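Let the sequences and hints guide you as you build the complete structure.
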Amino acid sequence: MAAGAKLGKVAMMARVGARLTNDRWGWDGVRSDGTIVFIGWDDHVVRRADGALGSCEIFDSTSPRNDTPGGHERSRHIEALLKGAAIGHLVLATPKDPAAPTREIAGIDPRLYSVRLERHGTQVLAVFIGEDSTPEVAFGDDLAADVAQIVASGLGETERAQLVQARRGQGLFRARVELIEAGCRVTGVRDRAHVRAVHIKLWRDATNVERLDGSNGLLLAPHVQHLFTRGFLAFEADGTALVSPRMDREVLYAWSIDEDRNVGAFTARQATYLAHHRANVFLSSAWS
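Just so you know, the working numbering puts 57 at position 57 of the sequence shown, and the rest follows in order with no gaps.
Bear in mind the hints are in silico, worked out from the structure with no lab data behind them.
No experiment lies behind these values; they were computed from the predicted model shown.
Beta carbons are placed, not taken as given, at the ideal position from N, Cα and C, and that holds for glycine.
Keep in mind that a hint or two might mislead.
As the list claims (entries may be wrong) - Simulated restraints, written as ranges between beta carbons of each label pair:
| no. | residue 1 | residue 2 | range |
| --- | --- | --- | --- |
| 1 | L242 | T102 | 44 to 52 Å |
| 2 | D60 | E250 | 21 to 29 Å |
| 3 | P98 | R204 | 33 to 41 Å |
Below, the structure written as structure tokens:
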């Protein structure tokens with residue numbers, strides 16, 4: 001695997017929309033939606049028989065390298081993801097000296113990979129699901145940056161406040177979505193504390209009017225939001241659920257998501273936004 005240009009850990013995380021947990025000793029990052037990004041070493045990657053990426057060892061409980069603050073933090077992140085059967089992300093780095101007790105980064109693979117974790121004895125492996133090349137990552141759709149842009153805009157105070165709340169899935173936008181949607185259509189959850197108001201037409205593509213339009217929103221459980229905003233899940237106007245061929249079906253099974261389910265027809269205005277999502281966000285093709 002060819003390494004890219006030299007890049008520090010902080011910048012390495014920033015380019016994939018994550019923030020390093022600790023600038024000094026951290027080796028994991030957290031994105032604005034709470035998903036974990038691990039830094040892995042490319043010499044720990046095992047390829048499948050067909051040459052595709054198979055897995056990457058990201059933790060070994062017998063290694064002295066993990067008896068550090070960064071190692072302890074990674075252990076906590078791993079346990080949290082394993083417990084919740086959640087998807088994480090991985091960026092690969094090339095070490096300056098693979099034999100050094102403390103490794104330094106010589107170069108990076110610029111891609112962001114989606115992974116699921118598996119425990120094998122003393123090791124934890126990040127099993128590659130695919131390359132997360134969705135528009136949110138490619139275009140740096142970052143919550144903090146978007147909010148800062150709104151605050152710095154020349155809009156009136158009321159409109160700025162409405163847009164900031166809308167970007168966070170709250171306020172007027174959420175209230176308008178709740179006039180249309182009763183709960184998460186996929187899981188059936190209706191408790192407001194456990195669903196999020198999600199934009200159908202992504203924030204970066206929408207006008208200020210569309211960003212506050214209740215028809216441009218759905219109420220989704222957090223794990224369904226993850227699938228929808230990253231293009232692994234989409235909907236037809238009649239409610240037919242579309243699952244990307246890049247989606248790991250084991251994840252659907254673990255999350256009890258029926259890919260053949262019809263979630264109910266949408267309104268005409270919602271259908272227009274959903275068509276945009278299918279054309280611009282949904283990962284309709286298999287990995288090439």
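Against the structure, the hints come out as follows:
1. L242 x T102: 44 to 52 Å: holds (46 Å)
2. D60 x E250: 21 to 29 Å: holds (24 Å)
3. P98 x R204: 33 to 41 Å: holds (39 Å)
Figure legend: structure checked against the earlier numbered hints; every hint is met.
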